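Using the sequences and the hints given, assemble the complete structure.
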Amino acid sequence: MTASRPRPTPLSALRPATFGAEPTGERLARMRRSPQFVDGQFRNPAPTRQLLRGAALPMARTQFSREGRLRRAPVGRIPVHRPTDEDWGRPPASGLRITWMGHSSVLAEIDGQRVLFDPVWGERCSPFSWAGPKRMHPVPVELEDLAPVDVVVISHDHYDHLDMPTVKGLVSSGTLFVVPLGIGADLEFWGVPAARITELDWHESTRVGGLTLTATPAQHFCGRGLRGAQHTLWASWVVAGPEHRIYHSGDTGYFSGFAEIGAAHGPFDATMVQVGAYSDFWPNNHTDCTPHPGGWPDIHMNPAQGVQSHLDLQQGRARGVLLPIHWGTFNLAPHPWAEPAEWTMAAAKAVGQDVAFPVPGQPYEPAGTLPTTPWWRDLALPLNRKWPVPQGASKADTSDLDLVNEG
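Residue numbers 11 to 417, in the numbering used here, belong to the letters of the sequence shown in order.
Among these hints, one or two may not hold up.
Here are the computed distance ranges between Cβ atoms for each label pair [stated by the list, open to error]: (1) Glu-253 with Asp-364: 16 to 26 angstroms; (2) Asp-97 with Ser-139: 26 to 36 angstroms; (3) Pro-392 with Val-90: 22 to 32 angstroms; (4) Gly-362 with Lys-396: 12 to 22 angstroms; (5) Leu-391 with Gly-35: 47 to 57 angstroms; (6) Trp-385 with Pro-143: 16 to 26 angstroms.
The set of hints was computed from the structure by calculation and includes no laboratory data. Quantities reported herein were computed from a predicted structural model and do not represent experimental measurements. We treat Cβ as the ideally placed atom computed from N, Cα and C, and that holds for glycine.
Listed below in structure tokens is the structure:
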């Protein structure tokens, strides 16, 4: 399936290669057959919003305020663990080892296979090398020093999850790529052989070695180049081996699909769940806690929702280990830099859920001793507030929240 062409824009002659390619031919025909493809584009099952009406101006004020800018960045150097032969030179004793590389990039060593989710090694999550959000800590290991991985899994095509220089750097490794529908066009355009690309619709699976990889629903959107139709699909991912199963959320809003995924594929030994890049401009049911940090409406989760989604994925129980992702590396939203970690810690504590808080590059085994030190506190301005947290498991939403003091 090799049909693709550069994604057209009004300035095609100046089009960056990072914009990727437009799906054509049989690839496009397959996309059009998807139940998610409606009226010429991919859609979420329920209507979703990317910004609340009237939120743009107050959000801009927050973005550009001096205090807001100070809080959105660490006040010191983010610690990074550089994995050694002692870390990765032997198989994990339990059969499952997780290494968070920062943001949503995670290496999972599971049942003898190495799976790399959403690898972004670039300095900026942007189509341009000279503009856009810049990483706030170095990558823990250079691509050329990363031992070969068996498969790279991509959740969607946003620049902080699909990075052209990283993809090109992985081509020579011989790794396979498993991606949602349509993203194969970008990969081929950047030099990945078609035979090494598998594109899946929601609920479809493929095998890599002894692993089964399944694309599962997410509530998000796509976008690369100039804003146009939803031309590629987004997904969360279940990876199941003979002994272990794990889940990576990609980017998503909170929705009923988590409980459905948990019922079909869970419970999980470990989940990697998006908890960062939300906004303060969200409807609030708690008049004593205003504004209520919610999310980019419908398409990102806040930490309370992230913890609740983990409980849903675990079939209503606090079990397994949650790894908070999509925070700490890039400044993508108005909330304070350390807030996702602090809020996740409070929300998880309220429901008795184990959470791993590694520094970037620090491997850990979910069945072993977890990294739990709140290392970010020495690098952030104080956060003293009431955190909305879930009251328990298996809720349809997180509108019914307790408030706890933390931080």
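Structure-based check of all given hints:
1. Checking the proposed 16 to 26 angstroms range against Glu-253 and Asp-364 shows it holds: the Cβ atoms sit about 19 angstroms from each other.
2. Between Asp-97 and Ser-139 the beta carbons are some 31 angstroms apart, a value that agrees with the proposed interval 26 to 36 angstroms.
3. The supplied range of 22 to 32 angstroms is met by Pro-392 and Val-90, whose beta-carbon atoms lie about 24 angstroms from each other.
4. One distance hint, 12 to 22 angstroms for the beta-carbon pair Gly-362 and Lys-396, holds here, with the actual separation near 20 angstroms.
5. Separated by about 53 angstroms at the C-beta atoms, Leu-391 and Gly-35 satisfy the suggested range of 47 to 57 angstroms.
6. With their beta carbons about 22 angstroms apart, Trp-385 and Pro-143 fall inside the hinted range of 16 to 26 angstroms.
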